[in-house]
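Enquirer: Sequence:
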Amino acid sequence: MSGESSFRSFWKRNALGRWGLVVTALLLLTAVFAPWIASRDPAAQDLPHRLASPSAAHWFGTDELGRDEFSRTVYGARVSMLVGVSVVLGAGLVGLAIGSLAGYLGGAFDSVVNIVLINAFLSFPGILLAIALAAFLGPGIGKVILALIVTGWAGYARLARAQVLKVKEMEFISAARSLGASDARILLRHLLPNTIQPVLIQATIGMAGAILAESTLSFLGLGVLAPTPSWGAMLNDARNHLFDAPHLVIFPALAIMAAVLAFNLLGDALRDWLDPRTRSFLITQDLAR
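Here this note's numbering is used: position 209 in the sequence shown is 1567, and no number is missing along the way.
No false leads were slipped in.
In silico SDA-like links for lysine to any residue, alpha-carbon gap of 25 Å or less: (1) K1501 with A1389; (2) K1524 with P1556; (3) K1526 with N1552.
DEER-style ranges, computed between Cβ atoms: (4) E1422 with L1612: 15 to 23 Å; (5) R1543 with L1386: 30 to 38 Å; (6) L1451 with N1598: 39 to 47 Å; (7) M1528 with V1474: 22 to 30 Å; (8) L1447 with L1523: 23 to 31 Å; (9) P1604 with S1469: 49 to 57 Å; (10) F1482 with S1532: 35 to 43 Å; (11) L1612 with L1423: 16 to 24 Å.
Since the hints were made in silico from the structure, they are not lab data.
None of the values given here were measured: they were computed from a predicted structure.
All C-beta atoms in this analysis are idealised placements derived from N, C-alpha and C, irrespective of residue type, glycine included.
Required output: the full structure, derived from the provided sequences and hints.
Expert: Shown next as structure tokens:
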């Protein structure tokens, strides 16, 4: 079976993975085209129509300042995707670099990185460390991204280190070294391409964690500054209107749930696809039907 056919067969059977892929694509498109999708300015106030229920004029209703909830939810996707992508790229690159060097060089450097740095960061609950850093740095989208990168790189470093420790003992690495390849060439041309797949899976699932963490920080008042729309900040604003205006809670909560679930399902699907045993089993089942 060709690679393209096996890919189609796998995704045909993986309904949850398809759902995750579709929702993820919709979220990314919403973030990119938010100015064209949103019907109103998300910061524009309309006090005579405050706390309005969902209607044809305001699809998701309005908040306590009369701001359109649909527009704020759409623009909130832009904030969440920006934070998610930035955190995953930053933490992934830092963790991949440090973990790969530690696994390849070994010795005292590996001991310091693994025992002192990685274990120290992973010994704290990530969200609590992020809250502490965000409280120290202050609110703002850039500071949120920095806090989440600092708290998230260790997971990528541990994964990259484990993969490099396994791959560097293989024969093709010994052959490259015997041919006079430099350490930099071995790392960049041979080790990294063979360790990147698990990191990509972790990055996909890490998007969900970054979105949830940003929403948590914004809910606590440590995230994105007003009037920039953020799903977490919208939930914080809705606390006092949980019963008289439940739509203020429902729509941002559904957006967070859909985003986190979609990235987790997409990450699970990628893990199954990149695992030859799982992929072969699912494709064989499909052919047997």
